[in-house]
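**Q** Let chain A serve as the given structure and place chain B on it in line with the hints.
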Amino acid sequence: MFALFPYSLRNLWTRRLTTILTSSGMALVVFVFAAILMLAQGLEETLIKTGSYDNVIVIRKGSVSEVQSGIERGRAAILEALPGIAADREGTPLVIKEVLVLISLPKRDTGNLSHVSIRGTQNRAHLLRPQVKLIAGRLPRPGSNEMLAGSSIARRFKGGGLYDELYAGMRHWQIVGIFDAGNSGFNSEIWGDADQVMQAFRRPVYSSVTFKLRNAKDLDAVKKTIEGDPRLDLEAKRETRYYEEQSEMMAKFLRILGISLTVIFSLGAMIGAMITMYASVANRTAEIGTLRALGFGRRYILAAFLMESLLLGLIGGVAGLFFAAFMQLLTISTINFQTFAELAFRFTLTTDIAVKALVFSLIMGFLGGFLPAVRASRMKIIEALRAA
Amino acid sequence: MLIVRLLFKNAFRHKFRAFLTVLSITIAILAFVMLRTVIGAWYAGVDASSASRLVSRNAVSIIFPLPLSYKDRIQQIDGVHLVSYGNWFGGIYIDEKNFFANFAVEPKTYLDLYLEYVLAPKERDAFLKDRKAFAAGKKLAAKYGWKIGDSVTLRGTIYPGNWDFVLRAVYWGKTDSVDETQFFFHWNYLNETLKKTAPSRADQVGFYMIGVDNPDISSAVTAAIDKSFKNSWAETLTETEKAFQQGFIAMSGAIINAIEIVSFVVIFIMLAVVANTMAMTTRERIGEYAILKTLGFGGWAIGSLIAGESVIISLCGYICGVVLSFPAAAGFKQALGMYFPIFKVESASLVMALVSSLIVAILAAVVPIHRAIGIRIADGLRRIG
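From first to last, the protein sequence lines are chains A and B. Under the numbering used here, the first residue of the first sequence carries the number 116, and numbering increases by one thereafter. Under the numbering used here, the first residue of the second sequence carries the number 780, and numbering increases by one thereafter.
Worth flagging that the hints you see were computed from the coordinates, not collected in a lab. Just so it is clear, the structure is predicted and the values come from calculations on it, not from any experiment. Virtual Cβ for every residue (Gly too), placed ideally from N, Cα, C. One or more of the hints may lead you astray.
[What the hints assert, rightly or not] Looking from chain A toward chain B, a few residues come up when the C-beta cut is under 8 Å (computed): (1) L124; (2) L136; (3) G140; (4) L376; (5) M389; (6) A394.
[Said to hold, decoys possible] In the DSSO-like style, the derived pairs of lysine-lysine whose C-alpha atoms are separated by at most 27 Å in a straight line are: (7) K1021/B to K222/A; (8) K918/B to K1072/B; (9) K953/B to K918/B; (10) K1009/B to K222/A.
The shape of chain B in the complex, shown without the other chains:
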């Protein structure tokens, strides 16, 4: 117990310096945790996807459609219990800056398949009945202040023209890992309009979403679907929803890797600061270590005094950083919730930060310990003058 008190006394002997060092570690830990959380947010779509849902799209690439007629053929495959379909609409609300995902989907089957989107029964009926209706996530509706019954116009980039919609339902997520920023509307509205304006693009589906009876058979169903459309002019590529989402993330993998590398750079900055503080502290106290040696304390005792001090300073910074990371994450979510619908500090990143700060503490103490142990008693005492 005495030794712990001594460690604390030593660590905070130079109050201002200790405060600055702790502050610097706090910032580093905060930055580290936030960066890991940003990376986690990127993968949020993967975590939220269900293992018992498959996505089928054109094998050439996502920009090519599949014929609507595939729906019945997929439905007949063993193990498939529900088929829904949709198109990425890519509409712009007023300005390109207001980005949110918008899809045309077959509403009835879509809602049956995505049970994690919860709608009030009354709104659900209203949404299903009105062909011009759209449903929006709670966060999306809140961001633009849309109320039930409001008209919203999107400008099409893929499908030219201005498209009018009426908000009939606001959905919320069953769990907090559900994306509440989506916009979806009736596929029939899109299709019927296309039949009039661009008949060659009608009756085409961007992707099929397929519910299977149970996750264990999904690989068999996947193979069966792709096999039945092999050698047709629109071959399918079917994957579990998870793999589909992962594929998207892998495409911007270079950027995510860069953020990951950068998140470790901040740990090195922290190392430089702590190492510097420890180096200065021991340089000033070299005389004391000489006295301790004179009293008979060995290298081990002195080494653990220095290491212990370093660990205490790092841990103080770590605790402050972790405590601050929760309000920071909340603030971040408030500000950028549209881009990162799911933004949650994960315990894994906290553990990683803890391990990093302990490693930093030990590494920072290595050179000072080496010096303190190596110094000859007479030299140490002489320094004190």
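With the rest of the complex left out, here is chain A:
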């Protein structure tokens, strides 16, 4: 079947201009395909990495995110006393009660306002979120107006940089440190003291309570206790699951957008491949006749032309993927529709996406080349030779 492979390869080389033009059409399609999937992937990974598997987050029943949720102090105290919560070395349970509000801040580059999450928390939060590391400045003093900014906020928002002053809720807040939380959503947040934030923004209730399980497998038992308690009216979720849910809507939107766009675009590129392959068959009628006369069967001819077209697709796929890989250097920052808060995430290339993109390019090559290859294989020897 592969005896004619060098023949296909050399044909592509002989018609360099046509090969480049056809492949570049497909490369563009593959580029868009890969880039949009990378965007959706980056969004999901960022949010999944935000949660920790052994942490549980509790929010008010029916509220979709922390911003909409509310937990009165009394209820939060009940949660603190639950069995199954891990403790630090002194025996204090690893529980943090937090409040999340959104404030409008101007972006550094455009000056446009966007919503930034302010998380009122406690310094103990670091014990539950080991991925958060201080990279500049110092930790805020508890009970003060000092705040920490995530690295992405520090870079993108006015008032978010180290030693900047932030005015919100009739108070001046001082950014005393910058933290980096790996590639997670916390990078797009500003952290302050829970009680100070509650007071300044007149939120008498917490937004969420997060605790670390002593044993990660105990989730179901704890969930049952919390959701079965009529005093609470709360729901508990594994933190990883909670953050995953917050990416669902937008990741789905991006995927549907990306796939429907590329399917339409690919029609155009496939037709390009078809034009090339039909021309390639028509111009080589005599050669096909010769090959047949030499004893190559119809299937060999079919395979040779299909291979040529698959190669065209593959060249396009590799080129498209090559350029898409550079998109990983870019970070996108936009509003997450679901939480209504700014979130920065990176284009992320995974092997899965790379394989999908290459398969997609091969499919384009195959569909574009199939009909011409069939025509080539059906030629009658005598007529084909006469064409010469």
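**A** Leaving out everything else, chain B in the frame of chain A:
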């Protein structure tokens, strides 16, 4: 005239290839126009907003409310003739997938301010009289099959619990740029319930909608409103309705920019296909060009023959694409009208597509022309064998 006939003859000499090329351009133009229309749909809210309406909200961010007591103070400011107010309710109908905007508004002033929402007088009265009533846009009511008198329950995400409403009025838009997918109900229903269940959240307003006497004074009124609440615990941020809508769009700007860039990628795909076709065509006809040269035709004549052929093919594709874009837009609107209430092909995108396809046609002809002109007569004739 003869030359035009020659161009057409040349362009469609290879019927199947010409057909495929035209088809590919058609798809590209269709995709381009649809993408521009999607971007336009995003901005539809901005276009539909009135210049003589202002929106006032908490300066900290949209999630913080303003006290109800501001209403009278705003009313007293010079140039303000009508004040309405409301809250984003954020309720879910049965399932999260059924997304539509739902607001609690002060119904009387709201309808007076938004004259583009047209209600039948009888329904309007019924809606105003019943505290549990809601009004829905024509498209929204049609989508879920709601009839006047039907009960609808929303599950609150911001305001916990199940909330029952009765459909008393269906509104339609005065022009076709009005969003007919909204759901609004009596602010008092929300507030009275909150007084019982969560008194600390009662008497709070998400945003004020303010009608000014005439658009020219809106910036003065804006400044006057914000000034009167400066240094209070709930400062206001007042903007024209247009700026308010634009601010929302700017937040998802990165996504819109991406779609915009992608819409141009399809033009490049089209360029690759047309350029390829032209390259192949001229390669096959190099002998003919040599003959033309022998007959005394200059480089210009040959160049314009090739360019003309390329333009004809592109324009055929363009025309097919434009013709198809109208039914496609209609179909799209049918399917996704809930997400893009306004979905209209704009003439600007058609012009943009025309310019793009002409540029593509010329660019695609550059290399083939260069080759055809550059070839020496003897070489060209030899090729024909």
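**Q** For each hint, tell me whether it holds in the structure or not.
**A** Hints and how they fare:
no. : hint              : verdict
1   : L124              : violated, 19 Å
2   : L136              : holds, 4 Å
3   : G140              : holds, 4 Å
4   : L376              : holds, 6 Å
5   : M389              : holds, 6 Å
6   : A394              : holds, 5 Å
7   : K1021/B to K222/A : holds, 20 Å
8   : K918/B to K1072/B : violated, 65 Å
9   : K953/B to K918/B  : holds, 14 Å
10  : K1009/B to K222/A : holds, 23 Å
Going through the hint list in order, the structure does not satisfy hints 1, 8.
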